[in-house]
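Student: Got chain L sorted already, so can you dock chain U onto it with the hints?
Here are the chains, one letter per residue:
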Amino acid sequence: MEGAVLKVSRLRPASWSIKKSRFWAVATVAILLIFALTACVGAPTEPNWAELSVLDGNLFVAFSHNLVMLEPNDGSFVNLYNEQGNLRTADNGDPLTWNVSVSGQNMRFYTDPLVTSENTLLALSYDRKLFEIEIDAARLQDSAGRDIAGHTVANAVVDGTRMYVPLTEKDLIAYDVETLDVLWRFETERGVWASPLLVDGILYVASMDHSLYAVNAETGALIWERALEGALAATPTLYNDHLYVGSFARRIYQISLDGEVVQNYATNEWVWSSPVIVDDTLYTADLGGWVYALDLSDGQMRELWKRQAATRAIRPSPLVTQDHVVVGSRDHFVYWLDRATGETVVRHEVPAEILAELLLLEPSETINIAEPLVIVATQARDNLVFAFPADGNSQPSWKFPR
Amino acid sequence: MDIILNLFVTLLTFLYRVFANDMVLAIAVFTVIVRLVTYPLTISQQRSTRAMQQLQPEIKRLQEKYKGDREKLSQEQMQLYREYGINPLGGCLPLLIQFPIFIALYSAINMALAATPTQMLDTAGRLLIPGFDNVIPLNNRWLGMDLTLPPDLTAIGTSIESLLPVILIGLVGLTTYIQFKVTMPKPQPNADGKPDQAQAMSQSMGTIMPIMYTFFALQFSVGLSIYFIVSNIIGILQYRLMANRTPEPLKVPASGAVVVDGKAKSGTSVKSSAKPAPKATKAK
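Same order as they appear, the protein sequences are chains L and U.
Numbered as in this note's numbering, the first sequence ends at 876 without a single skipped number.
Numbered as in this note's numbering, the second sequence ends at 403 without a single skipped number.
No lab work stands behind these hints: they were computed from the structure.
Any given hint might turn out to be false.
[As the list claims (entries may be wrong)] Part of the chain L face toward chain U, derived, beta carbon under 10 Å:
#1 Asn522
#2 Tyr584
#3 Asp683
#4 Glu703
#5 Arg724
#6 Arg804
#7 Phe807
[As the list claims (entries may be wrong)] Below 25 Å or equal to it, Euclidean Cα-Cα: the simulated SDA-like pairs (lysine to any residue) are:
#8 Lys644(L) / Phe251(U)
#9 Lys644(L) / Lys191(U)
#10 Lys603(L) / Leu268(U)
#11 Lys644(L) / Ser226(U)
#12 Lys644(L) / Pro521(L)
#13 Lys644(L) / Asn140(U)
#14 Lys644(L) / Lys184(U)
#15 Lys191(U) / Tyr203(U)
#16 Lys873(L) / Lys603(L)
#17 Lys603(L) / Thr237(U)
#18 Lys191(U) / Arg201(U)
#19 Lys184(U) / Tyr203(U)
#20 Lys644(L) / Arg664(L)
#21 Lys603(L) / Gln238(U)
#22 Lys644(L) / Thr237(U)
#23 Lys603(L) / Asn540(L)
#24 Lys300(U) / Phe251(U)
#25 Lys644(L) / Ser281(U)
#26 Lys644(L) / Trp261(U)
#27 Lys603(L) / Asp271(U)
#28 Lys644(L) / Asp265(U)
#29 Lys644(L) / Leu257(U)
#30 Lys780(L) / Leu257(U)
#31 Lys644(L) / Leu283(U)
#32 Lys780(L) / Lys191(U)
#33 Lys644(L) / Val254(U)
#34 Lys873(L) / Met331(U)
#35 Lys780(L) / His716(L)
#36 Lys603(L) / Lys184(U)
#37 Lys780(L) / Pro249(U)
Every value quoted in this text rests on a predicted model; they were computed, and no experiment measured them.
Every residue gets a Cβ at the ideal spot worked out from N, C-alpha and C, and that includes glycine.
Just chain L, with the same shape it has in the complex:
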């Protein structure tokens, strides 16, 4: 301080306004402090994660402001062809690819597209918009989109002429697929962050208000409501006339189709993923990195094994193959666990957190791949999708972007 005063009195002209220079010195420090503190609290992040699905034998990826279709054998963009089957090219000769982007309008996609007609996709944006896309041309029919009632982070469900859209803030809305008229609106206390399960004309809706609802799909009328402990963020799974759903109360519930809680199983942390049931065994994971296998053969949930496979949360549902249970974690690893014991067989590291549902692609008439692949989406746009061999015994077959 004294040296600064000395410098001021020696170097500055007598006419210099010391008060003014001091004011601006203080202001500069304050502005720098504002920027430093802004950096300390971190930049905003995506509100949700990518969605992977299969469309016409191709891999469909929805993430942030992009909708892309990829060749499953190498992760390249699917090319567009004209009616004669010729490759379509841009003016500069580059092939046109299936890549829909609405970045100019700050829209974001986190849900599977809905196929409503032979050549039309419906894509729901997080930012309250619905877009109709021509599949053949990868083109938005209306770049402005049509308004829907709220944000959406979970897949909508289509049943004939009706589309059921879960809203992030609250409620489930039924729209007419053709006209987008609102048919009915089912009210919840909090958001619906999971797709409803549609079975025999009944929608089973898991809500963040801690309740599981059974709703008439045609009228939107409540059939029953079961209040559980903890928020419900994942779609329930139906197996042998029972619903299985995980909650933030560190429980997995077994519920009869008339809404009665039959049994619950305690987990170590919040359960976000939908249970996966294969061969009378329920597999699920929690946000503490634990993976569980429960035997359902006698109608009860009986623990077979549980393992803390990951060091951080496992958000997506486990993927069950012939020999393995595959899970992806926020700790940047994909784990292959032995189905019988839960022991980690192999793991692979990816550059970012894994929050999206894993996808298993198997060779078929429509899916042109040489071997089964486990598709993993991360939170990094420049390392968004990885395709691993289903047995996990080697490095990724491809990644996107390439």
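Tutor: Frame of chain L; chain U shown alone:
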């Protein structure tokens, strides 16, 4: 940092439960708790401020003695402040101390009130008491505003509800300004009539700080603005209560240590008021 965040998230959730799911009340009570915890710092700062006021006669004496030699005057003033353990920027200290707290509180509010799935993921595992899981998600709406988002100024109209964001931001700036004015002593001019540099610096901060906090209120969540307002009001009340107490006069005990408000400052010596006359300088 995780330990502090987890504590803040747990405490906010606990208060939310106690106050019947009222998040604003939870934030307000949380703020009271934070101010109580930082009260010793506040007391120490105010003691320094009052000591500076009590030192004014000594400062004026220096100004008389070194009139015309600003460099020497500044050196002697700073020496005096050091001997008496006084920080001339002390009025800014409570506001600066709160910075790391509101950084942690900003994150804690967003985590506790998670409005999106990715925010909710960051909340998992942070509740130190497992039974609080059943409270999640917390209600993030208040008077039509989302507590996790910055005030929305795009829908301003004539209704009271649409003006609430503007009122909120205005209250942040106003309460910050009032707190600063209450806590800082009035600047006393030097013998040559010019303002004391250190005090003038503090007064400059009194202009900058309200502007800075208003900027924060525009950028950060509504919940954090509520914290700012409640914290400033408590600060104003604290200083008014302390100001009503008659300050003890500065004492100079026989040991030579300086006593400020009944507490000795060890390791310092009192300069004799009878200083050698300055060397004669050539007339210009």
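Student: Hint by hint, say whether it matches the structure.
Tutor: Results of checking the hints against the structure:
1. Asn522: With Cβ-Cβ at 5 Å, under 10 Å, it holds.
2. Tyr584: holds, 9 Å
3. Asp683: holds, 9 Å
4. Glu703: holds, 5 Å
5. Arg724: holds, 6 Å
6. Arg804: Holds, because the Cβ-Cβ distance from Arg804(L) to chain U comes to roughly 7 Å (cut-off 10 Å).
7. Phe807: violated, 16 Å
8. Lys644(L) / Phe251(U): Holds: Lys644(L) and Phe251(U) sit about 22 Å apart, inside 25 Å.
9. Lys644(L) / Lys191(U): violated, 69 Å
10. Lys603(L) / Leu268(U): OK: Lys603(L) and Leu268(U) at ~21 Å, within 25 Å.
11. Lys644(L) / Ser226(U): Between Lys644(L) and Ser226(U) the Cα gap is close to 24 Å, so the pair holds against 25 Å.
12. Lys644(L) / Pro521(L): Within the cut-off at roughly 16 Å; holds.
13. Lys644(L) / Asn140(U): Judged against 25 Å, a Cα distance of about 18 Å means the pair holds.
14. Lys644(L) / Lys184(U): violated, 74 Å
15. Lys191(U) / Tyr203(U): Judged against 25 Å, a Cα distance of about 18 Å means the pair holds.
16. Lys873(L) / Lys603(L): violated, 30 Å
17. Lys603(L) / Thr237(U): Cα-Cα ~20 Å, so holds.
18. Lys191(U) / Arg201(U): holds, 15 Å
19. Lys184(U) / Tyr203(U): holds, 20 Å
20. Lys644(L) / Arg664(L): holds, 5 Å
21. Lys603(L) / Gln238(U): holds, 22 Å
22. Lys644(L) / Thr237(U): Since the Cα atoms of Lys644(L) and Thr237(U) sit roughly 17 Å apart, the hinted pair holds (cutoff 25 Å).
23. Lys603(L) / Asn540(L): holds, 14 Å
24. Lys300(U) / Phe251(U): Answer violated: Lys300(U) to Phe251(U) is near 41 Å, above 25 Å.
25. Lys644(L) / Ser281(U): Holds, because 22 Å separates the two Cα atoms, which is no more than 25 Å.
26. Lys644(L) / Trp261(U): Judged against 25 Å, a Cα distance of about 16 Å means the pair holds.
27. Lys603(L) / Asp271(U): holds, 20 Å
28. Lys644(L) / Asp265(U): Distance ~14 Å between Lys644(L) and Asp265(U) Cα, so the pair holds.
29. Lys644(L) / Leu257(U): holds, 13 Å
30. Lys780(L) / Leu257(U): Roughly 30 Å between the alpha carbons, so the hint for Lys780(L) and Leu257(U) is violated.
31. Lys644(L) / Leu283(U): Roughly 24 Å between the alpha carbons, so the hint for Lys644(L) and Leu283(U) holds.
32. Lys780(L) / Lys191(U): Distance ~75 Å between Lys780(L) and Lys191(U) Cα, so the pair is violated.
33. Lys644(L) / Val254(U): Distance of about 17 Å is within 25 Å: holds.
34. Lys873(L) / Met331(U): violated, 46 Å
35. Lys780(L) / His716(L): holds, 22 Å
36. Lys603(L) / Lys184(U): Violated, at about 75 Å.
37. Lys780(L) / Pro249(U): holds, 20 Å
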